[in-house]
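Participant: Chain by chain, the residues run as shown.
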Amino acid sequence: NAGVTQTPKFRILKIGQSMTLQCAQDMNHNYMYWYRQDPGMGLKLIYYSVGAGITDKGEVPNGYNVSRSTTEDFPLRLELAAPSQTSVYFCASSYSRTSGGETQYFGPGTRLLVL
Amino acid sequence: AQKITQTQPGMFVQEKEAVTLDCTYDTSDQSYGLFWYKQPSSGEMIFLIYQGSYDEQNATEGRYSLNFQKARKSANLVISASQLGDSAMYFCAMRGTLNAGGTSYGKLTFGQGTILTVHP
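Which chain is which? The protein sequence lines are A and B, in order. Adding 146 to a residue's 1-based position in the first sequence gives its number in our numbering. Adding 41 to a residue's 1-based position in the second sequence gives its number in our numbering.
Just so you know, the hints here were simulated from the structure itself, not pulled from any lab data. Quantities reported herein were computed from a predicted structural model and do not represent experimental measurements. Treat the hints with caution; some may be incorrect.
What the hints assert, rightly or not - In silico contact screen, one side only, chain B against chain A (beta carbon under 8 Å); selected entries: (1) Gly74; (2) Phe76; (3) Met86; (4) Gly152; (5) Gln153; (6) Gly154.
Quick reminder that beta carbons are idealized off the backbone N, C-alpha and C, glycines included.
Working from the sequences, and respecting the hints, build out all of it.
Facilitator: Next comes the structure, spelled out in C-alpha cells:
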C-alpha cells in the first residue's frame, strides 16, 4: 500500500492564483481530513469528509473548498491565494472516527508559498 | 472546547537514556482518544501511539509508552533507550467527539509540540 499520497510536494503561487492540492489514499478509509501547519505550530483542521459525497468544515475553512467524489480522493481547492495561506498542508485518513479504527495516517505534506 | 498543552518547547536527552515528554489535555467529552505523532525534520507526520479514554492499561509500542493519568488529564510520552534518530518534533493530539446537528466527527486537536534533541 502507498498509504496517503499528496501532490505536489512544493508550490509557489502568486496572490490571486488558484490551485488544487491532490490527496489520495489506498487503504479504503472512509474518513479523510485536510490540515494546515503554520511555522512552529501544531496542525489545524481545514475540512473533513466522512465518505464519498459528504464533506464539512473544520476550524479554518475560509479560502478553501473540497470535494469527495470517490473514497480514494480528497482534493483541496484554493480559489484566490493569499499570503496568509502560506503553510504546509497535510492530508490524512482514518478507517473510522471512534476507538479501534480512528488513528489518522498522514501524507507527506505539500509546502505552499504564496507571494 | 478541547485543548492540548505541551509545556516543554524543547528537551535534550543523552543517547540510550529515557525521556518523558509532557502532555496535558482539557475536554468535557467522556469518550476521547489521545495520540502522539513524531515529525522529523523531513516534515512527515508519523503516528507513534494511541490511548483510548476507557483503556485501563497504558499503551505501549516498542520503545514508546504512554503514561495515561486520567484524573490528572495527562498523557505523557515516554521514550526508552533514546536513539539519535529520535531527534524530532513530537506532537500530542486528542480526538474528541463534536456533535453538530447530529453529526460527529473525529477532529484531532494538536498541541504546540516539543522539539526533542538526542545527544550522542
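Participant: Would you mind marking each hint as holding or not holding in the structure?
Facilitator: Here is what the structure says about each hint:
1. Gly74: Holds. Min distance 6 Å.
2. Phe76: holds (7 Å)
3. Met86: Holds - the Cβ of Met86(B) comes within 8 Å of chain A, reaching about 4 Å at its closest.
4. Gly152: holds (6 Å)
5. Gln153: OK, holds: Gln153(B) within 8 Å of chain A, min 6 Å.
6. Gly154: This hint holds: Gly154(B) lies near chain A, its Cβ roughly 6 Å from the closest one there, short of 8 Å.
Hint check: no violations occur; every hint is consistent with the structure.
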